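Engineer: Listed below, chain by chain, are the residues.
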Amino acid sequence: MGAGHSHALYIHEHSRLHKLAPEAKLAAAVGLVVSVAITPRQAIWAFGVYSLMVIALAAWSRVPARFLVVRLGAVLPFVAFALVIPFVASGRQTDILGMDVSVEGLWGMWNIVAKALLGAGVSILLTATTEIPEIIRGLGVLRVPSVVTGIATFMIRYLELIADELGRVRVAMTSRGYDPRWLHQARPIASSAGAMFVRSYERGERVHAAMLARGFDGEMPDFGKPRASPLEWLGIVALVVLSLSVAIAALVST
Amino acid sequence: MSGDVRVADVWFSYPDGRAALRGLDLTIEEGERVALIGPNGAGKTTLALHLNGVLRADTGEISIVGLEMADENLKEIRRRVGLVFQDPNDQLFMPSVRDDVAFGPANLGFSGERLEERVTEALEMVDGLEFADRPPHHLSGGEKNRAALATVLAMEPDVVVFDEPSSGLDPAGRRDSIETLRRLPMTQLIITHDMPLALELCSRAVIVSGGRVVASGASAEIFSDADLLARHRLEFPHVPSPGTHLRRV
Numbered sequence: 015m016g017a018g019h020s021h022a023l024y025i026h027e028h029s030r031l032h033k034l035a036p037e038a039k040l041a042a043a044v045g046l047v048v049s050v051a052i053t054p055r056q057a058i059w060a061f062g063v064y065s066l067m068v069i070a071l072a073a074w075s076r077v078p079a080r081f082l083v084v085r086l087g088a089v090l091p092f093v094a095f096a097l098v099i100p101f102v103a104s105g106r107q108t109d110i111l112g113m114d115v116s117v118e119g120l121w122g123m124w125n126i127v128a129k130a131l132l133g134a135g136v137s138i139l140l141t142a143t144t145e146i147p148e149i150i151r152g153l154g155v156l157r158v159p160s161v162v163t164g165i166a167t168f169m170i171r172y173l174e175l176i177a178d179e180l181g182r183v184r185v186a187m188t189s190r191g192y193d194p195r196w197l198h199q200a201r202p203i204a205s206s207a208g209a210m211f212v213r214s215y216e217r218g219e220r221v222h223a224a225m226l227a228r229g230f231d232g233e234m235p236d237f238g239k240p241r242a243s244p245l246e247w248l249g250i251v252a253l254v255v256l257s258l259s260v261a262i263a264a265l266v267s268t
Numbered sequence: 015m016s017g018d019v020r021v022a023d024v025w026f027s028y029p030d031g032r033a034a035l036r037g038l039d040l041t042i043e044e045g046e047r048v049a050l051i052g053p054n055g056a057g058k059t060t061l062a063l064h065l066n067g068v069l070r071a072d073t074g075e076i077s078i079v080g081l082e083m084a085d086e087n088l089k090e091i092r093r094r095v096g097l098v099f100q101d102p103n104d105q106l107f108m109p110s111v112r113d114d115v116a117f118g119p120a121n122l123g124f125s126g127e128r129l130e131e132r133v134t135e136a137l138e139m140v141d142g143l144e145f146a147d148r149p150p151h152h153l154s155g156g157e158k159n160r161a162a163l164a165t166v167l168a169m170e171p172d173v174v175v176f177d178e179p180s181s182g183l184d185p186a187g188r189r190d191s192i193e194t195l196r197r198l199p200m201t202q203l204i205i206t207h208d209m210p211l212a213l214e215l216c217s218r219a220v221i222v223s224g225g226r227v228v229a230s231g232a233s234a235e236i237f238s239d240a241d242l243l244a245r246h247r248l249e250f251p252h253v254p255s256p257g258t259h260l261r262r263v
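Protein chains in written order, with my numbering: chain C, 15 to 268; chain G, 15 to 263.
Each hint should be verified, as a subset may be incorrect.
[Said to hold, decoys possible] Which chain G residues face chain C? A few, computed with CB under 8 Å, are given here:
| hint | residue |
| --- | --- |
| 1 | Lys89 |
| 2 | Ile91 |
| 3 | Arg92 |
| 4 | Arg93 |
| 5 | Pro109 |
| 6 | Phe117 |
| 7 | Asn121 |
| 8 | Leu129 |
| 9 | Ile192 |
| 10 | Thr194 |
[As the list claims (entries may be wrong)] DEER-style ranges, computed between Cβ atoms:
| hint | chain 1 | residue 1 | chain 2 | residue 2 | range |
| --- | --- | --- | --- | --- | --- |
| 11 | G | Gly257 | C | Glu233 | 53 to 61 Å |
| 12 | C | Pro78 | G | Asp147 | 20 to 28 Å |
| 13 | C | Thr188 | G | Pro251 | 53 to 61 Å |
| 14 | C | Gly249 | G | Arg189 | 20 to 28 Å |
No wet-lab data here; the hints were simulated from the structure.
No experiment lies behind these values; they were computed from the predicted model shown.
From the three backbone atoms N, C-alpha and C, an ideal C-beta is built for every residue, glycine too.
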């Protein structure tokens with residue numbers, strides 16, 4: 015990861031997937047995730063097709079497999095929860111390795127594990143190949159209201175500053191002997207939260223003044239960055255049509 | 015009406031009733047570099063925010079390069095007057111320095127190669143090309159100041175107003191800042207508590223106190239008038255040389 019890249023989810027590479035316009039990647043990701051979500055759990059073959067698609071995209075992106083596997087660890091809590099279901103669910107029981115497990119529960123487990131892994135895989139690929147500011151720009155191109163994308167932009171920019179300020183407030187408290195252990199000592203934390211809010215608000219006003227000073231008129235400017243080309247859209251539409259056809263075929267067949 | 019910046023009898027109170035400007039008069043000629051000094055709360059920053067219409071005077075007149083401060087001129091005035099804020103974190107709000115520098119010209123309608131050109135030129139003027147693609151929170155204090163200046167220079171302003179250009183910088187950063195300001199050809203108003211900086215850069219100094227201009231003249235004269243300075247809670251710093259100090263100890 016180069017020094018210029020701002021977030022830990024991004025892998026610096028020069029693949030075609032990296033260069034694809036962000037709005038196209040977003041549309042593809044949403045299309046894939048929706049297809050996975052509506053696919054009935056019995057259509058195991060469909061999940062096989064989706065897995066192949068995600069693996070093909072991952073190979074195309076040149077993001078290291080190790081990175082993808084480690085990031086997939088984020089879904090472990092859900093998987094752990096899903097593993098319990100066959101043992102606690104009721105209904106027809108079957109015998110696996112000498113243990114009584116619920117058939118319905120097994121299907122439930124499979125449903126959660128397969129969909130969580132595929133959904134997470136798609137989002138990890140999206141964020142590994144697209145920097146966050148680009149994702150926000152893509153959302154803007156896809157007509158997400160500028161108020162929403164604006165808030166997201168500022169949140170990313172100022173989150174670290176606010177965290178820094180909070181850190182300084184903590185140091186100031188600690189250096190004056192504040193070492194909270196009990197609930198009744200929480201008061202200073204609450205009042206510092208209030209102070210942080212006021213400071214953030216004041217900063218908001220100053221930032222707004224700075225924006226006005228440079229000709230801001232309520233609309234974030236379009237920096238004239240390249241949009242997705244018709245060819246790119248064609249590829250995305252093909253991908254989404256393929257995944258949706260798999261989902262529909264699965265729905266019909268079960 | 016002469017002067018690049020003309021402020022005549024401007025009064026302004028904040029919504030909470032605090033009167034910040036009380037009949038302020040100030041004229042700055044084209045190409046002049048003027049220091050604006052004064053105690054805390056004198057109205058210096060408030061004046062700066064008036065110069066490009068972020069705040070609007072209750073009464074009085076302001077004109078910039080012949081343009082009256084009025085709604086229909088606001089866009090042009092904001093292009094012609096650049097404000098460099100005290101805290102560069104307030105000025106740098108985009109995810110990367112390059113986008114931030116592009117923000118102003120993009121608002122003016124620049125795009126594509128012309129936008130790219132403006133951004134590169136502005137960054138070159140502050141030696142900032144090396145950090146163009148970094149997010150602002152990964153810059154050092156001096157780099158942030160330079161990036162903030164580049165965001166304003168990209169607007170190609172006729173007048174630049176600096177609010178405390180040397181605050182929070184280490185000595186080398188302060189020296190860089192002075193040299194950068196010296197290189198800029200446009201009319202400048204420098205709000206500062208750093209009187210040695212003001213003396214070095216500005217031929218004229220203006221003291222603002224209680225929302226009014228109380229003195230204006232050659233920097234050397236203003237800064238050598240200890241009584242005048244003391245009356246307005248100001249003092250030209252007396253710098254003991256380390257050598258003298260050694261002998262005394």
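Engineer: Would you mind marking each hint as holding or not holding in the structure?
Structural biologist: These are the hints, each one checked on the structure:
1. Lys89: holds (6 Å)
2. Ile91: violated (10 Å)
3. Arg92: Where the cut-off is 8 Å and the nearest Cβ of chain C is about 5 Å from Arg92/G, the hint holds.
4. Arg93: This interface hint holds because 6 Å falls under the 8 Å limit.
5. Pro109: With a minimum Cβ separation of about 4 Å from chain C (threshold 8 Å), the hint on Pro109/G holds.
6. Phe117: holds (6 Å)
7. Asn121: It holds, given that the least Cβ distance between Asn121/G and chain C is near 4 Å, below 8 Å.
8. Leu129: At about 6 Å, which falls below the 8 Å cut-off, the nearest Cβ of chain C leaves the hint on Leu129/G intact, so it holds.
9. Ile192: Given a least distance of 23 Å, the restraint on Ile192/G is violated.
10. Thr194: Since the shortest Cβ distance to chain C is 19 Å, the answer is violated.
11. Gly257/G x Glu233/C: 53 to 61 Å: holds (60 Å)
12. Pro78/C x Asp147/G: 20 to 28 Å: Since the Cβ atoms of Pro78/C and Asp147/G sit about 23 Å apart, the hinted range of 20 to 28 Å holds.
13. Thr188/C x Pro251/G: 53 to 61 Å: With a Cβ separation near 34 Å, Thr188/C and Pro251/G fall outside 53 to 61 Å, so the hint is violated.
14. Gly249/C x Arg189/G: 20 to 28 Å: Given about 54 Å between the Cβ atoms, the range is violated.
Taken one by one, the earlier hints fail for this structure at numbers 2, 9, 10, 13 and 14, listed in ascending order.
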